[in-house]
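Using the sequences provided together with the hints, build the complete structure.
Taking the numbering used here, I'd label the letters of the sequence shown as residues 4 to 131.
Everything labelled a hint here was simulated from the structure, so no lab data went into it. The structure displayed is predicted, hence computed values, not measured ones.
Simulated pairs of lysine-lysine, DSS-like, Cα-Cα distance not exceeding 27 Å:
1) Lys63 <-> Lys97
2) Lys63 <-> Lys81
3) Lys97 <-> Lys8
4) Lys8 <-> Lys63
5) Lys14 <-> Lys114
6) Lys83 <-> Lys14
7) Lys63 <-> Lys83
8) Lys114 <-> Lys97
9) Lys97 <-> Lys83
10) Lys83 <-> Lys8
11) Lys14 <-> Lys63
12) Lys62 <-> Lys83
13) Lys114 <-> Lys8
14) Lys14 <-> Lys97
15) Lys43 <-> Lys97
16) Lys81 <-> Lys43
17) Lys83 <-> Lys43
18) Lys14 <-> Lys62
19) Lys97 <-> Lys62
20) Lys114 <-> Lys62
21) Lys81 <-> Lys97
22) Lys114 <-> Lys63
Ranges between beta-carbon positions, derived for each pair:
23) Leu60 <-> Glu4: 35 to 45 Å
24) Trp52 <-> Glu4: 30 to 40 Å
25) Lys8 <-> Leu113: 12 to 22 Å
26) Lys62 <-> His110: 12 to 22 Å
27) Asn13 <-> Lys81: 25 to 35 Å
28) Ala59 <-> Val19: 17 to 27 Å
29) Gly10 <-> His56: 23 to 33 Å
30) Pro84 <-> Val19: 16 to 26 Å
31) Pro79 <-> Arg116: 30 to 40 Å
32) Arg116 <-> Pro84: 31 to 41 Å
33) Asp17 <-> Arg76: 29 to 39 Å
34) Val119 <-> Gly61: 15 to 25 Å
35) Asp80 <-> Leu113: 28 to 38 Å
Glycine included, each C-beta is placed from N, C-alpha and C at the ideal position.
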Amino acid sequence: ERQEKWGCFNKFLDDVGPIDVVVDAANVGYFKQNFSTAPKHVDYEQIDWIAQHFLALGKKVLLVLHNRHFNPRLMPDKYKPLQSEWERMRILYKTPGGMNDDWFWLHAALKYRTLVLTNDEMRDHHFQ
Numbered sequence: 004e005r006q007e008k009w010g011c012f013n014k015f016l017d018d019v020g021p022i023d024v025v026v027d028a029a030n031v032g033y034f035k036q037n038f039s040t041a042p043k044h045v046d047y048e049q050i051d052w053i054a055q056h057f058l059a060l061g062k063k064v065l066l067v068l069h070n071r072h073f074n075p076r077l078m079p080d081k082y083k084p085l086q087s088e089w090e091r092m093r094i095l096y097k098t099p100g101g102m103n104d105d106w107f108w109l110h111a112a113l114k115y116r117t118l119v120l121t122n123d124e125m126r127d128h129h130f131q
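In structure tokens form, the structure reads like this:
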């Protein structure tokens, strides 16, 4: 099943590539959100601001975000139009459950040798 999901991702990359900027969207969406009254969801507007910034520069953008961030119980309705627009533009890849979203943005970045936007320190990644 994982291989099938990975194959779907690679097909998506082939269909939309090449890509100039890969965004670790969860990392961007949680940036500066570590305070007691912070919402439980990522900052979708912050993610969109980054996407729009690079799109305005003429860059091909890929937002990589785990599909749990689009769960109706977690994602407020007011952000659904952003999701729809990202999907329409084919700049969003929602990673499947049971798989680490970092694998996806790392792979896309290596495949296309792109700029990566993250502040992930990669301390939980061990390569053998």
